[in-house]
Amino acid sequence: MREASRDKWKAFLTLLPSMILIGVFVYGFIGNTIWTSMTDWGGVGSLALVPEKNFVGLENYIDLFTGFLGSGFRQDLVNAVYYSVMLLAGAVGLGMFIAILLDQKPKGEDVLRTIFLYPMSLSFIVSGTIWRWLLAPQGGVNVLPKYFGFEPLNFKWLSSQSAVLVFNWQDILRILVSFAAFILILTGVYMLRKDQSKAIKRWLVPGIALGAFVWLFGDIIPSALFMEEEHGFNLATLGIIIATIWQYSGYTMALYLAGFNGISQDLRDAAMLDGASQAGYYRHVAIPMLKPITISAVIILSHISLKMFDLIFAMTGPDNAATGHPALTMYLTTFRANDFAKGAAIAIVLFLIAAMFIVPYLIGQYRQRGRR
Amino acid sequence: MITRKFTLGSVFLYGTLTLLALFFLMPAYMAAVTALKMPADISLPTAWEWPSVINWSSFSQAIEKLKPDFINSIILTICATIGSTMLGSLNGYVFSKWQFKGSEVIFTLFLFGMFIPYQVILIPLFQTLRAMNLYGGLPGLILAHIVYGLPITSLIFRNFYAQIPTALVESAKLDGAGFFSIYLRIVFPLSIPGFVVTSLWQFTQIWNEFLWGICLTRHTANPITVGLANLAGGQAVTWNLPMAGSIMAALPVLAIYIFLGRYFIRGLLAGSVKE
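Just so you know, the protein sequences line up as chains W and D, in that order.
The number in the numbering used here is simply the position in the first sequence, starting from 1, with 22 added.
The number in the numbering used here is simply the position in the second sequence, starting from 1, with 3 added.
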């Protein structure tokens, strides 16, 4: 018995160095960054090796979201949100589509799978460099139609100055509340089939009330900014989105393909016997069964799009405002402008957005393990 | 009727797959074609055309420029891969076969480290390495890669060791084998595929990493990704060099992927936490 408990200690001690490393380098450092983001990092003396930091509370964050100089950061944040949404839709959609095609077991499946997945093994710097050349304004992708007898395109993939889906930052709070109302109503409608009274009580009524409130009394909600400031989705980001989808749809394909292969042939045959068409089988049987895979893919892709740095750096350089991303602004603010405090605040904003997805996901995984 | 439907379907299937394959191969073709052209022959309107004269000298130029960075990356990748894989194997062994009260919570806390945007730890990491006199060189970068590699390596090994029957470990315990002798005599010899998967995964990740490379190293210790970004950056680039450099930076990981793709995909799937 004493032997066994000594072995338990050995197990614990084996894990201990890693626990300390993770504790310091992950949790300690996150805490440190939170603290840094609430200081002024010594203001003018910021270049000193050990600057004298003064606590300033949330001032850096207020500056970023409502300050005059934070306009660039706000545009980056808006851009990053659009970028994440489009990357998710594109990579999950295309990956799922390719996986369904390959699930038909065409000839040469192995070779095709290799072709679709190889971009995943490359560095973002490599793919970014190549895509920058492919998206050059008068060449690359733009001249391709010429070979089929069409006019060449002249879209400026990486340097376009136009923006779509523009909104006024003053309205940001109203927009967020409306969005929350929309989500509540959508969930309510979706839940109606399962549990009618709960759906109405928990989702529909609050959603409609919230929506009506914004619609009728939206003026009560304060404006986020003292002046008008327009932000939208910069079209120059499209090139970067295409490159990212190119690189990551093979990954979602691999996830779905592994999932499809895991579904038993019996189940598939049964669905077919019940009169399901090919499309019906995927729509009603296979894809709902692979919901955990979809969730994993969404989590990992949104994590990737939130920290996206390398690809944008390689495709448009760090200073291109039109394709800005908070991850790049953080680097520039910290290491070029030496404004460590504000850089830390940007990093924390990114971290909090990422944590919104990841914490529930990890807790769910943890519970799932506990049940078995 | 059935045969006709079959052919229509398969025409659509193969047609779409061919188009998609062309889209996925397009950048590789473009990189190869541009790298093989004479610098004077590279122009935007003719970018897609096969070179009239094959010119290999871009590669030797790129090799000459990127050689120090390439060597840095090799040292960095090998050291950090070995370090994080060894530690990950021990952690995975504890997490799967020697669970104690709270070990699942610790495991979840480990996993969280895999999903943070690394910008959030960049500033303290930079300062800590500077305080430890490790800033600027390879040892600091190796340390960072080992530490932040721990979550994924522990995860892959934990799931891998979960497949080893617990009865095997239990009976060894009854025979009087202890913690380390079970690891050395039973678990480790069964781990070879786990080590292959994990080290290939770590190798590609570390080889491709850029953010820490650019923030934590001085010029002499730059990894290949930073070297390539410098080579391709700037306004007046002749495109043959960056393309040759890209191919050079991609080769080691592409080779792993093409020849050991099976293991690479397993690492990929393991990274999605799903068990």
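None of these hints come from the bench; they were simulated from the model.
Note that this is a predicted model, so its numbers are computed, not measured.
It is possible that some hints are incorrect.
[What the hints assert, rightly or not] With the Cβ distance kept under 10 Å, some of the chain D side facing chain W (calculated, not the full set):
id: 1; residue: Tyr96
id: 2; residue: Ile124
id: 3; residue: Leu187
id: 4; residue: Ile189
id: 5; residue: Pro192
id: 6; residue: Ser194
id: 7; residue: Ile195
id: 8; residue: His222
id: 9; residue: Ala224
Glycine is no exception: its CB is placed at the ideal position from the N, C-alpha and C atoms.
Evaluated hints:
1. Tyr96: Holds, because the Cβ-Cβ distance from D:Tyr96 to chain W comes to roughly 8 Å (cut-off 10 Å).
2. Ile124: Because about 4 Å separates D:Ile124 from the closest Cβ in chain W, which is inside the 10 Å limit, the hint holds.
3. Leu187: violated, 13 Å
4. Ile189: Violated, about 14 Å.
5. Pro192: This interface hint is violated because 18 Å lies over the 10 Å limit.
6. Ser194: With Cβ-Cβ at 15 Å, over 10 Å, it is violated.
7. Ile195: violated, 21 Å
8. His222: Violated: closest Cβ of chain W sits about 15 Å from D:His222, beyond 10 Å.
9. Ala224: violated, 16 Å
The structure fails hints 3, 4, 5, 6, 7, 8, 9 (numbered hints given earlier, in ascending order).
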